[in-house]
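Enquirer: Listed below are the residues making up each chain.
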Amino acid sequence: MSYNDPWAVLGLMRDGATEGDVKAAYAEKLKVTRPDDDPAGFMALRAAFENARAQLRWAAEDAEYDGVEDYNDDEAVYSANARDSDIEPAQQTDPPTALRLVSEVLEGLKSPWVGSSKLGINALLDRTEADSVDVFQSFSDEMLYTVYQATTTDDGSVGIPDWLNLTVLQSLDDHFGWSRQSTAHNWSMRNMITHLEKVRRVLRDRELAPRHIRRRAHKAGYEPPPLPISDTRRAAKAGKSDEKRSISCSGVILLILGFMGLINLLNLIATGQ
Amino acid sequence: MADDEKIVGIDLGTTNSLVAVFEPGGPRLIPNKHGELLTPSVVGYDDKGAVMVGQAAKYRLTTHPEKTAARFKRHMGTNRGISLGKKMFRAEELSALVLRSLKDDAEADLGEPINHAVISVPAYFNDVQRKATQAAAELAGLNVARLINEPTAAALAYGVEDRTAEHRFLVLDLGGGTFDVSILEMFSGVMEVRASSGDAFLGGEDFTDALAAHFAAQLGVKAGDMEAEDRARLRRLADSIKHRLSGVAEAKAEFAYKKKTHTLVCSRGTFDEITGPILKRLRLPIQRAVSDAGLRSDAFDRIIAVGGATRMPAVRALATRMFDRFPEFSIDPDHVVAMGAAVQAGLAQRHEALEDVVMTDVAPFTLGFETGVQVGEHQFERGHFSPLIERNTVIPVSRADTVHPLERGQTAIVIRVYQGESPFVRDNALLGSLNVPIPYNKKEHEAVDVRYTYDNSGLLEVVAKVVSNDKTFRLVIEGNPGAMTASEIAERLKALSKLKIHPRDKQENTAFIARLTAAYENCLGDERTRIQGLIAEFQKALSTQDERHVAEVRAAIEPILSRLENFDVL
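Residue numbers (the working numbering), protein chains in the order written: chain A, 1 to 273; chain B, 1001 to 1570.
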């Protein structure tokens, strides 16, 4: 499809046009270009409408950032969900509440009674303060960001904090629905969710490894203490098929990493010459 | 289609179905043969092997569970067979029988043949389920003017009341079997869907199942171990208690089981506790829609509750807590979708009362195809999902992309079409695959243009064109387990036309006998004898074959039966 000037399609002047003008022009043209009667005409009109709105939005953002000196990295996470932010960006809502909830969850996870039972974790997460959609959203974003930060080491590899195990990660994911979220529009979200998948693999490898290996590793000071026997057995039973897949997956990943390294190296040599 | 032919709007529900028509004064619901607006989506055989639909069949659900089927909308677009007597049916065929019954009611009411309909589907129905709905309509002799998403229909019904206002709606649609959330915006007569999300397997029926399982546990059995008839009776009782608990804090009922009468009690607190896990599943689809639309809760002007299951206090309380205000339900939640479908039918007919209204909807899922990622010189990792149309894109929409074979000299490309949100195809749903032969070319990579088109009913078409020789190929959804092919539809149509249909004018009496029988089976002792007397009396009236007399007797017995049926022992 060739690019049409959206302002010409809408019959507007680019200069001085507002969001309201664009909507009104679109509504007026839409009455004679109905999607049922003229799909092709409608698609062109719709594209013009979306392009015009996007242009207005960019202009507004440029104007805003001209005045901002210090760009805060954390902010990017809060507004990560504001994809179509033409109406009102989903800004951080009540972050103090969300932050408090997150620190309470972390505190609770450190207690030995909660950390390994799904019921206990769910009780920690089911909070009436987080009933409202906005607080729940901030709570979810904060929690995801916290898990992401806590599992990322300085050199970019996966690190596991004491309070995190497979049950905790799974309960968090079930409660907030992170991995079922659409991430197509949002690279930072996608990045964090892909990272979670890596964390899950590391945890699975650790928790399902034979007991003597884990104990040896623990003595050497690398690993968290072994799980109680009953838990290990249950986990091993439930995760048998997963284990196989994760092994073959990690094989594939090693392969990819290897090849990527090779290509990089070749590139370096080529550019060096 | 001739210009003056009427189009009706149909809400084909999991539990109940309705038909409505758009008239100058607005949408109007059409009553069925019994004078009721809701026709239960239940199909069954009578004792002579003729097919019954609606209330008559619903009463027989407890007395003849093996000859009656309900809740088949949940199996739309699957190959699961539903047995009715000795025959197996597909969900499409049973739905077709319901649609045909609604069509007959509309024809009787409007006095003209009806061949076109707008049919509502859950917004979260996928392509296979939508095509199945279309096939069902075809089997019923109806041409689908358009499929409309249920929450969109609901918003249309609310929106046409005040079409100049600028509104942002959030519609929560909890029906019998499905849950939908849609966010809509209305400006200058344009009704625009911004985001939708949902759960295709979550509805009021799940709450009933949970309560029935709880009662079975009270009786000391597992619901699965009960006789089919007892189970059906217990389920019906649970359903009635669920409905009553929306109004009162505690409900009791008597249940005859294994020659003993048990009193089953449930308070609203217990009910909320039992159904807590189901209720919890409502939250994430709502969060997802709100976050997709990039809105905060105070950005919504109206929160609208749709679908019979939103009558449950716990559901309303959840919505209230989430949005800090009470949801609206000024139009009956059971009727609103059918009324909206009628508005859409009016739009399709270019009704002059709707000249200034236009509606646009979105695709509920991301669509794309499988691609391989190169990981070495001749090595590829398969299974990656390349999105082509993102979810919540306004439809109709058409997007194209160019794909290349992995290797030079390859002679075919397989395009596997998937739907879903995961970056890996293994977690997404396969819709079909398209085999594109390409010319042998050892020198360079051939190219194929793939175009996806989503029409305004949410139905998908995929066309692939080989760039070098201009040959085009269309996606035929075959080998897909859930979809029916054209020849299959033709065959089923023939089979369906052979079915004997229970005479319409006698359905009312059959329904009444079924109701009497159901009541008889549910009572013990004196009450049983009384009902037996009523049955004898009604049979006698029937034998006179005097329609007016039968109607009089029926009217006389009705209040007595209602009293006996009201299992309350308070």
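Accuracy of the hints is not assured; some may be wrong.
[Said to hold, decoys possible] Heads up, simulated DSSO-like pairs for lysine-lysine below, C-alpha to C-alpha not over 30 Å straight-line:
hint: 1; chain 1: B; residue 1: 1006; chain 2: A; residue 2: 29
hint: 2; chain 1: B; residue 1: 1067; chain 2: B; residue 2: 1442
hint: 3; chain 1: B; residue 1: 1087; chain 2: B; residue 2: 1540
hint: 4; chain 1: B; residue 1: 1259; chain 2: B; residue 2: 1280
hint: 5; chain 1: B; residue 1: 1258; chain 2: A; residue 2: 110
hint: 6; chain 1: B; residue 1: 1033; chain 2: B; residue 2: 1443
hint: 7; chain 1: B; residue 1: 1006; chain 2: A; residue 2: 31
hint: 8; chain 1: B; residue 1: 1500; chain 2: B; residue 2: 1086
hint: 9; chain 1: B; residue 1: 1280; chain 2: B; residue 2: 1067
hint: 10; chain 1: B; residue 1: 1500; chain 2: B; residue 2: 1048
hint: 11; chain 1: A; residue 1: 118; chain 2: B; residue 2: 1443
hint: 12; chain 1: A; residue 1: 118; chain 2: B; residue 2: 1280
hint: 13; chain 1: B; residue 1: 1471; chain 2: B; residue 2: 1086
hint: 14; chain 1: A; residue 1: 198; chain 2: B; residue 2: 1500
hint: 15; chain 1: B; residue 1: 1006; chain 2: B; residue 2: 1506
hint: 16; chain 1: B; residue 1: 1087; chain 2: B; residue 2: 1494
hint: 17; chain 1: B; residue 1: 1442; chain 2: B; residue 2: 1033
hint: 18; chain 1: B; residue 1: 1471; chain 2: B; residue 2: 1443
Think of the hints as simulated: they come from the structure by calculation, not from any bench.
Enquirer: Regarding the pair residue 1280(B) and residue 1067(B), is the alpha-carbon distance no greater than 30 Å?
Expert: Violated. Residue 1280(B) to residue 1067(B) sits at ~35 Å, over the 30 Å cutoff.
Enquirer: Holds or violated: residue 1067(B) with residue 1442(B), Cα cutoff 30 Å?
Expert: Since the Cα atoms of residue 1067(B) and residue 1442(B) sit roughly 63 Å apart, the hinted pair is violated (cutoff 30 Å).
Enquirer: Going straight from one Cα to the other, do residue 1006(B) and residue 31(A) come out at no more than 30 Å?
Expert: holds (22 Å)
Enquirer: Checking one constraint from the list: CA of residue 118(A) to CA of residue 1280(B), max 30 Å. Satisfied?
Expert: holds (15 Å)
Enquirer: Holds or violated: residue 1500(B) and residue 1048(B), Cα atoms, limit 30 Å.
Expert: holds (9 Å)
Enquirer: Quick one, are residue 1259(B) and residue 1280(B) close enough, alpha carbons at most 30 Å?
Expert: violated (38 Å)
Enquirer: With a cut-off of 30 Å on the C-alpha distance, tell me whether residue 1258(B) and residue 110(A) pass.
Expert: Not satisfied, since the Cα-Cα distance of roughly 52 Å exceeds 30 Å.
Enquirer: When you check the alpha-carbon spacing of residue 1471(B) and residue 1443(B), does it fall within 30 Å?
Expert: At roughly 20 Å apart (the allowed maximum being 30 Å), residue 1443(B) and residue 1471(B) satisfy the hint.
Enquirer: Given the hint that residue 1006(B) pairs with residue 29(A), test it: the Cα-Cα distance must not exceed 30 Å.
Expert: The given pair, whose Cα atoms are some 27 Å apart, holds under the 30 Å limit.
Enquirer: When you check the alpha-carbon spacing of residue 118(A) and residue 1443(B), does it fall within 30 Å?
Expert: Judged against 30 Å, a Cα distance of about 58 Å means the pair is violated.
Enquirer: Does the alpha-carbon distance linking residue 1500(B) and residue 1086(B) stay inside the 30 Å limit?
Expert: holds (15 Å)
Enquirer: Given the proposed pairing of residue 1471(B) with residue 1086(B), does the C-alpha separation stay at or below 30 Å?
Expert: Violated - the C-alpha atoms of residue 1086(B) and residue 1471(B) are around 48 Å apart, more than 30 Å.
Comparing the model with each earlier hint shows violations of hints 2, 3, 4, 5, 6, 9, 11, 13, 14 and 17; every other hint is respected.
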